[in-house]
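Listed below are the residues making up each chain.
Protein chains: 2
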Amino acid sequence: MTTAISDNALADAFRQISADVDACFDALLTVPDDPRAVLFQAMRHAAIGGGKRVRPLLLTSTAGMFNVDRGLAVRVACAVEAIHVYSLIHDDMPCMDNDDMRRGKPTVHKAFNDAVAVLAGDSLHALAFEILAGSQSHPDPFIRSELIYTLAEASGPNGMAGGQMMDLEAEKAKFDLPTVTKLQRLKTGALIAASVEMGAILGNVPAEGRGQLRAYARDIGLAFQIADDIMDETGDEAKAGKALHKDAAAGKETFLSLLGLERAREQAFFLVDQAVGHLASYGREADTLRALARYIVERDN
Amino acid sequence: MTTAISDNALADAFRQISADVDACFDALLTVPDDPRAVLFQAMRHAAIGGGKRVRPLLLTSTAGMFNVDRGLAVRVACAVEAIHVYSLIHDDMPCMDNDDMRRGKPTVHKAFNDAVAVLAGDSLHALAFEILAGSQSHPDPFIRSELIYTLAEASGPNGMAGGQMMDLEAEKAKFDLPTVTKLQRLKTGALIAASVEMGAILGNVPAEGRGQLRAYARDIGLAFQIADDIMDETGDEAKAGKALHKDAAAGKETFLSLLGLERAREQAFFLVDQAVGHLASYGREADTLRALARYIVERDN
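Keeping their order, the protein sequence lines are chains S and Y. The numbering of the first sequence is this note's numbering, which starts it at 367 and goes up by one. The numbering of the second sequence is this note's numbering, which starts it at 367 and goes up by one.
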């Protein structure tokens with residue numbers, strides 16, 4: 367597998383999208399001078415200055431293949447990231463995964479409290495759709511509507527939230543490989559797929575022309591989760607910025623527990639090669655997506 | 367104040383919208399045969415078979431003034447109700463208001479658990495936007511996008527969620543009347559206003575022609591909350607279907623604590639008269655909205 371952009375160029379792309387997403391959230395989340403101040407501070411705590419920004423980079427890189435205005439792509443990417451961040455805030459709560467650290471900082475319910483965590487998550491959730499439907503979104507209302515539908519479907523009960531529900535049930539039942547695969551396709555895969563899809567929507571690629579990009583997204587989504595499972599087992603908590611070794615402690619079946627470390631790693635690399643294969647009809651404009659696929663299984667956080 | 371539709375006719379309208387909203391949620395929330403079943407059961411528990419459906423009736427009654435197809439208006443009304451229901455699920459959680467009963471049934475976190483309550487709320491939140499952006503929504507994408515923006519803004523940190531945050535802070539600080547008014551305009555008023563606004567959007571009423579309807583909605587939103595405060599103090603828990611007397615126990619300032627019972631009641635009736643006054647340029651097509659305004663301060667649940 368070869369990619370034409372170097373590790374340094376990918377690192378630059380990550381730095382750039384992180385700065386752009388932070389600036390976008392900073393502008394959207396001005397703290398008001400009234401009793402809602404703490405709500406906005408909590409949203410800023412979670413949304414600004416942390417995270418890999420994999421979904422925003424996937425979205426802007428896909429949009430970039432079709433010469434979409436970068437400012438617009440960044441704004442739409444912030445909507446996807448707002449959904450991701452809200453899901454982390456809620457997922458970290460004591461009644462869910464009960465995590466104290468996230469992205470190297472205290473989680474929202476630790477830095478504030480549980481009630482603020484509920485409302486900060488709900489507020490970022492609403493903000494995502496406000497961004498997509500607002501006056502600074504894509505000027506074509508048909509495209510706005512398609513972006514919104516894609517994100518709502520990917521994050522609801524037939525997407526991310528449904529996957530989180532399966533994840534809760536995984537502690538009680540011993541899931542088999544097809545069930546773990548479905549769980550992960552929903553829990554992480556759906557929003558990763560939506561990031562690529564929304565980049566293509568912005569690029570005016572018709573639904574029937576998105577097959578290869580969808581296949582790419584599907585494969586890297588699963589590879590991403592296998593890599594997460596491996597990191598949960600073998601990773602470094604300081605680098606990850608959160609608690610690890612949680613799956614085994616909770617008695618959940620994962621790709622790792624079902625396949626073993628060696629086969630899980632092989633499967634992740636196989637999926638990445640397959641994902642890159644789906645981009646064969648694209649030229650150098652897809653190089654960032656190719657590099658991202660490789661990064662997804664080689665990252666250490 | 368006179369209204370041309372009788373109490374019986376209004377009761378019929380409530381029965382009809384309740385049946386329609388239940389049928390809509392029933393169709394949207396088919397329980398899947400996989401580990402997400404409990405999530406859909408929780409969503410159904412909260413969304414079907416309960417609640418006054420004031421917001422859906424406001425929306426469909428406004429849309430009806432402009433001869434909007436009823437099936438379409440009901441679907442859009444279900445999006446608004448999905449937002450309302452999600453907010454109740456989250457608001458009832460132990461870390462928020464800690465309520466055991468809602469609409470005469472156990473709250474979602476009591477009937478299921480806290481984690482399911484978080485995810486059922488999040489899922490209904492996403493469902494609302496999926497309904498509005500989906501293929502069975504309004505055929506004009508510009509109208510779809512306007513509906514979505516209105517609902518997202520009304521439910522986010524500058525609307526409902528922001529009002530809930532102020533409500534949490536109200537336990538710590540002694541708010542004055544302007545601050546309580548702002549709190550309630552956000553917490554309940556924003557979604558009530560959005561219901562009327564979205565009916566007008568469906569009716570192709572341009573933004574500059576919605577002034578009277580907005581003024582109506584603003585007044586009934588505040589009247590609704592004053593009536594709620596009065597009910598919290600003087601109401602019957604069996605009829606209300608939820609715990610009462612909570613504001614005083616929490617030491618929160620309300621319209622009632624600030625104005626006293628007599629002046630609060632007067633203010634509610636004044637607001638209703640004023641709301642009906644804003645409808646003077648409309649004929650009999652606004653009679654349901656007029657009756658709804660009166661109902662809002664006379665209801666006992």
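Where hints are given, some of them may not hold.
Heads up, the list lumps identical chains together, so a pair's fine if it works in one copy or across two of them.
[Stated by the list, open to error] No more than 20 Å apart at the CA atoms, straight line, and that leaves these computed lysine to any residue pairs for SDA-like: (1) K418 / Q502; (2) K612 / N667; (3) K538 / D480; (4) K612 / E651; (5) K418 / Q640; (6) K538 / P572; (7) K548 / S623; (8) K476 / E535; (9) K418 / D653; (10) K612 / A389; (11) K538 / F478; (12) K471 / K548.
Hints listed in this document are in silico derivations from the structure and should not be mistaken for laboratory results.
Right, here's what the structure says about each hint:
Within a single copy, K418 and Q502 get their C-alpha atoms no closer than 25 Å, and across copies no closer than 36 Å, so neither meets the 20 Å cut-off. Proximity of K612 and N667 under a CA criterion of 20 Å is satisfied intra-copy only: 15 Å inside one chain copy versus 46 Å between copies. In this assembly of identical chains, K538 and D480 lie within 20 Å of each other by CA distance solely across copies; the values are 16 Å between and 25 Å within a copy. For a Cα distance limit of 20 Å, the shortest separation of K612 from E651 qualifies neither inside one copy, at 39 Å, nor across copies, at 60 Å.
When the C-alpha separation of K418 and Q640 is checked against a cutoff of 20 Å, the pair qualifies neither within a copy, at 23 Å, nor between copies, at 53 Å. In this assembly of identical chains, K538 and P572 lie within 20 Å of each other by CA distance neither inside one copy nor across copies; the values are 42 Å within and 53 Å between. Taking the shortest Cα distances, K548 and S623 sit within 20 Å of each other inside one copy (16 Å), while across copies they are farther apart (53 Å). Proximity of K476 to E535 under the C-alpha cut-off of 20 Å is restricted to the inter-copy arrangement: shortest distance 18 Å between copies versus 25 Å within a copy.
Taking the shortest alpha-carbon separations for K418 and D653, only the intra-copy value of 19 Å comes in at or below 20 Å, while the best inter-copy value is 55 Å. In this assembly of identical chains, the alpha carbons of K612 and A389 never lie at most 20 Å apart, being 33 Å within a copy and 41 Å across copies at closest. Taking the shortest Cα distances, K538 and F478 sit within 20 Å of each other only across copies (15 Å), while inside one copy they are farther apart (30 Å). Proximity of K471 and K548 under a CA criterion of 20 Å is satisfied in neither setting, with 31 Å inside one chain copy and 33 Å between copies.
Hints 1, 4, 5, 6, 10 and 12 from the list above are not met by this structure, while the remaining hints are.
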